[in-house]
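Chemist: Sequence:
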Amino acid sequence: MKLLRLFPLLLFCSSLHAQLLPPDTAWVNQTLAAMTLDEKLGQLFMPIHRTVEQSRQLVERFHVGGFWFARTEARTIAAELNTLQQLSKYPLLISVDFEKGAGTYVDGATDLPVNMALGASRNPAIAYRAAALTAREARALGVHVNFAPVMDVNNNPKNPIINTRSYGEDPRLVAQLAEAAVRGYQEHGLLATGKHFPGHGNTDTDSHTRLGVVPSDADQFENIELLPYRHTLEKTDLASVMTAHLWIRAVDSDTIPATLSPNAMQRLLRERLNFDGVIYTDAMEMGGITTRYPFEVAVVKALQAGCDVILFPGSVEKGIAAIKEAIRDGQLTEQRIRESVRRILLSKTRVGLHKKRLVDVEGIPQVVGTEANYPEAKEIAAACLTLVKDDAKLLPLKSTTRTAVFTIANVEGPSMVSRGLVTFPADMQRLNPAVVHQRLSPSLTADEMMRAIEVARTAEVVVIAAYVRIVLHAGTVELPPAHAEFVQRVLTVNPNVVLVSFGNPYIGASVPGVPTYVCAYDNARALQEVAAEALFGKVGFNGKLPVTVSEEMPYGKGITKR
134 MKLLRLFPLL LFCSSLHAQL LPPDTAWVNQ TLAAMTLDEK LGQLFMPIHR TVEQSRQLVE
194 RFHVGGFWFA RTEARTIAAE LNTLQQLSKY PLLISVDFEK GAGTYVDGAT DLPVNMALGA
254 SRNPAIAYRA AALTAREARA LGVHVNFAPV MDVNNNPKNP IINTRSYGED PRLVAQLAEA
314 AVRGYQEHGL LATGKHFPGH GNTDTDSHTR LGVVPSDADQ FENIELLPYR HTLEKTDLAS
374 VMTAHLWIRA VDSDTIPATL SPNAMQRLLR ERLNFDGVIY TDAMEMGGIT TRYPFEVAVV
434 KALQAGCDVI LFPGSVEKGI AAIKEAIRDG QLTEQRIRES VRRILLSKTR VGLHKKRLVD
494 VEGIPQVVGT EANYPEAKEI AAACLTLVKD DAKLLPLKST TRTAVFTIAN VEGPSMVSRG
554 LVTFPADMQR LNPAVVHQRL SPSLTADEMM RAIEVARTAE VVVIAAYVRI VLHAGTVELP
614 PAHAEFVQRV LTVNPNVVLV SFGNPYIGAS VPGVPTYVCA YDNARALQEV AAEALFGKVG
674 FNGKLPVTVS EEMPYGKGIT KR
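My numbering puts the sequence shown at residues 134 to 695.
The hints are simulated quantities; they were obtained by calculation from the structure and are not laboratory data.
The following label-pair restraints were derived from C-beta to C-beta distances:
| # | residue 1 | residue 2 | range |
| --- | --- | --- | --- |
| 1 | S576 | R695 | 39 to 47 Å |
| 2 | Q499 | Q219 | 20 to 28 Å |
| 3 | A567 | V346 | 51 to 59 Å |
| 4 | E467 | T158 | 16 to 24 Å |
| 5 | P155 | K457 | 31 to 39 Å |
| 6 | K222 | T158 | 14 to 22 Å |
| 7 | I692 | A567 | 21 to 29 Å |
| 8 | Q219 | S576 | 44 to 52 Å |
| 9 | A166 | D352 | 46 to 54 Å |
| 10 | T169 | E355 | 40 to 48 Å |
| 11 | G485 | D387 | 37 to 45 Å |
| 12 | D493 | P155 | 18 to 26 Å |
Dumping the calculated DSSO-like pairs for lysine-lysine here, alpha-carbon to alpha-carbon at most 27 Å:
| # | residue 1 | residue 2 |
| --- | --- | --- |
| 13 | K489 | K222 |
| 14 | K671 | K511 |
| 15 | K222 | K451 |
| 16 | K451 | K434 |
| 17 | K526 | K690 |
| 18 | K291 | K522 |
| 19 | K526 | K671 |
| 20 | K457 | K434 |
| 21 | K694 | K511 |
| 22 | K291 | K690 |
| 23 | K694 | K671 |
| 24 | K526 | K511 |
| 25 | K511 | K531 |
| 26 | K690 | K522 |
| 27 | K522 | K694 |
| 28 | K690 | K671 |
| 29 | K526 | K694 |
| 30 | K522 | K671 |
| 31 | K671 | K531 |
For each residue, glycine too, the CB sits at the ideal point set by N, CA and C.
Produce the entire structure from the sequences given, and follow the hints as far as they go.
Modeler: Put into structure tokens, the structure is as follows:
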């Protein structure tokens, strides 16, 4: 594959006031000197924010360093975070998993294409724009740390949990887009976090359920898993890194999660890669940790390994007690604790928390989910959409074509990194009012299938929109058997089938007989609208596969249509 051309540096220019601030060491030294041991230990924990009352107790009793939050409404969360900032003696770092924009979790915010879609664009400038838009909306909400970009190389197609969260299977592509994303976040005031160090791509295990293994040998590990980190740390001032709850055989001979491994965190990340930012553990409630270690043991081992922040602790109170005991027993020192607290406080000054904690709740509609942001999301989406094959020359559709649209899904409602959003059928009907639509259930009953087959029989073209997405604890890359059977039965009554994947692109290998296959990679609203427009020839197809789907559909395949 030809080396990707570097994007112009001018694309990364932004107004200086939006960038991260220089660390304020004077404030950090003064604050650290005044802290009690209990206050320092509290800074090491980042629990989930669920209710103001629960979080108030964590702030007032334990002086936690910050919070993570998930699905909510924009002004509601901003107001709640303002309340907690006012209650806290020390400013709080607020973190999120806005891997594909704030709209993934926040009602009213902009939902952007997932990383694998950005990988299909082959354009670092597109990754930068997506990150910059995310940063602007996140900071307006009171967010300071984004647990993104995902820097895992998805070179194992059976990986059930990274999948479309990765930019692709080529480490050089991942490295360049990760670099662009870090710049986009941090040049607009949001602390970026590369994850999951040192690499979560080459495994077929969901680390939410149990400890997985990355079997790469030393050469593979250096040239695949580690390459995006080496590149990004050389090219950017990456603020933070999140760990992987995986055993990395190239790093450790013993079966140990990288999160708890001094070889991975201290010797590799700190010493060899010279990283002195904040190291966040992945969620300590995940099976990759809990199935092997009691929480109190894992907390101490994570700090011994070199981690700074314990994410999603089972119990802050038990965690603090375990660290105190470890200090008394000589397993940890107060100097080691101060090192982590210093890094955490420095991060707080880089986002100006020592000067201003509150956000303008009433001003949120002028920044978050605006009328200007959605067209930008559509422009980003249009660069990603991939026409993998069109053997029967079915595209573009005509506005008079009798078209049946069937939507299939492996799960109803929100999944790990996406909302349960299905707008594509309505987008198709706006372009052709004669489009008929049938939504099939995940279980796909015999009656549903029979009715759908009859509709397919009378249509000129059948479009099957597949919302097959990552599901925690039950991930798979194949098209569910009932849905694969449905597609095959449709083909027997009508060969003019267009399969559109609004999620996992690997499902194309499950139904190789489909003549036309489109990868949108995700169900972001902008991608669904652009996909409909592309089927009718209103916009072009510009993407190239960032992964290998099958021998027939290799990395780099994609039909360009302008």
